[in-house]
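Novice: Here is what each chain is made of, one letter per residue.
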Amino acid sequence: MTPPSGAVVIGASAGAFDALSAILPQLPRNFPRPVLVVVHVPADKKSLMANLFASRCQVAAKEAEDKEPLIAGTVYFAPPDYHLLVEADGRLSLSSEEAVHYSRPSVDVLFESAADAYGPALVGVVLTGANADGAMGLRAVHAAGGIALVQRPDTAQVATMPRSALDACPAAQPMTLAEIAAYLNTVGA
Amino acid sequence: MTDDHPPSLKTEDLELRLLLDAIARAYHYDFLGYSMASLKRRLSQARDRFGCRSYSQLQDRVLHDAGVFPELLAYLTVQVSELFRDPAYFRAIRETVVPHLRTYPSLKVWVAGCSAGEEVYSLAILFREEGLEDRTMFYATDINTEALRKAEAGVYELDRLPLFTENHRRAGGKSSLSDYYTAAYGAARLDPTLRKRTVFSDHSLVSDQVFAEVQLVSCRNVLIYFDRDLQDRAIGLFKDALVRKGFLGLGSKESLRFNKHADAFTEFAADEKLYQKRGNV
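As they're listed, the protein sequences go chains A and B. Using my numbering, read the first sequence as starting at -12 and increasing by one per residue. Using my numbering, read the second sequence as starting at 138 and increasing by one per residue.
One should not assume that every hint holds.
[To be verified] To give an idea of the chain B side of the interface with chain A (calculated C-beta under 7 Å), a few residues:
(1) Arg162
(2) His165
(3) Ala174
(4) Asn358
(5) Ile361
[Claimed, not checked] 30 Å max Cα-Cα, derived DSS-like pairs, lysine-lysine:
(6) A:Lys49 to B:Lys397
(7) B:Lys397 to B:Lys382
(8) B:Lys376 to B:Lys333
(9) B:Lys333 to A:Lys33
These aren't lab readings, by the way, just hints derived from the structure by calculation. Where a beta carbon is used, it is the ideal one built from N, C-alpha and C, also for glycine.
Take these sequences, add in the hints, and give me the full structure.
Specialist: In structure tokens form, the structure reads like this:
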């Protein structure tokens, strides 16, 4: 099996559930890429995100497992208390190294490893949130030739995270949630 | 970060391989089978910390300055743990594994990748509470000798103790954690008698062999740093070290699912990643 040639990575914090609800259910069953999502969740909680979205989406949704091969049309959520990374061979890795921006999982860690693995075949999306996680990661996505998208800060539940991402990566395109969903539906494999 | 003439990713990956190869040859620490994404992240931090522009420059430093490698090793190995981290794991050992362990007249326990000792002390406390300590020998191994030194000292920052105390309680602790440490100068010093039955030792899951026959292996959040071949090797060692019907505990997001030795084990407490070696292996 050859790993999918491209991927989509999404990072969100405060307000994540509503924002993701406007995007993930819009993706068709045969969406040509895997989608990797980091949401900041408390370390000691079992995350319900994967289950909640599995029943609301046409694409599959699950919690990411260590060394799992990425498959197109599947949304992978980082488990609580672990960083999620992508290996060059298109498999996932988990890590319990230090929190970044007080966050584990961290958006930066996912985005930087995905930028390294996928280069120009990556779309990075930073959504609503209350800290600066994701800003350096989005910059890395852009620097590797990928597409950088940011939820328009004036439309975000909490504007800090999208604003920080735009500050760090001025080339990123600000969009509404509906525009982001529409854009993702145009990307190929 | 400068944007002028960034080296192509291929060159950087080549340099990274050469650096790891140099470390393996010069210092006999083999990281070539580690999960690269996380290793790369930590090595890029080390590169910045040592003020190097490239991995080639870091390689030069590590080969010619003997003081660099021990410090670099701290970046190459991840040392993040807690006493009774994931309390449900220790509760499951207490409630479901301990009754089996009681049937053995003497016990050996291997904590592989013990880092600064949090896991082995957690087990030592649990075994004392369950009355098994006197018949048990603990082997706590790691590749990082500095971490082993910390583990042997058994001293932790005092501000971590509220979390450790809460973990211990949720793990079904039968006593007060404060019975096991004394606080002084911002540090908690664990009761030295907790380690009187522990051997701390340098051991590599990459290159060393089995050294004892044990009833329980606990190896948590170590395998996630290995690629699949290395995961196979490590689980193979655990399989060979365990007695028939012996127990293997992994980290909460680790499993035998993609492992070539999966058939040698049955799921014992699947939610807590506790496995039992089959009786016919």
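Novice: Each hint needs a verdict: does it hold in this structure or not?
Specialist: Hints and how they fare:
no.: 1; hint: Arg162; verdict: violated (23 Å)
no.: 2; hint: His165; verdict: violated (24 Å)
no.: 3; hint: Ala174; verdict: holds (4 Å)
no.: 4; hint: Asn358; verdict: holds (5 Å)
no.: 5; hint: Ile361; verdict: holds (5 Å)
no.: 6; hint: A:Lys49 to B:Lys397; verdict: holds (24 Å)
no.: 7; hint: B:Lys397 to B:Lys382; verdict: holds (19 Å)
no.: 8; hint: B:Lys376 to B:Lys333; verdict: holds (27 Å)
no.: 9; hint: B:Lys333 to A:Lys33; verdict: violated (37 Å)
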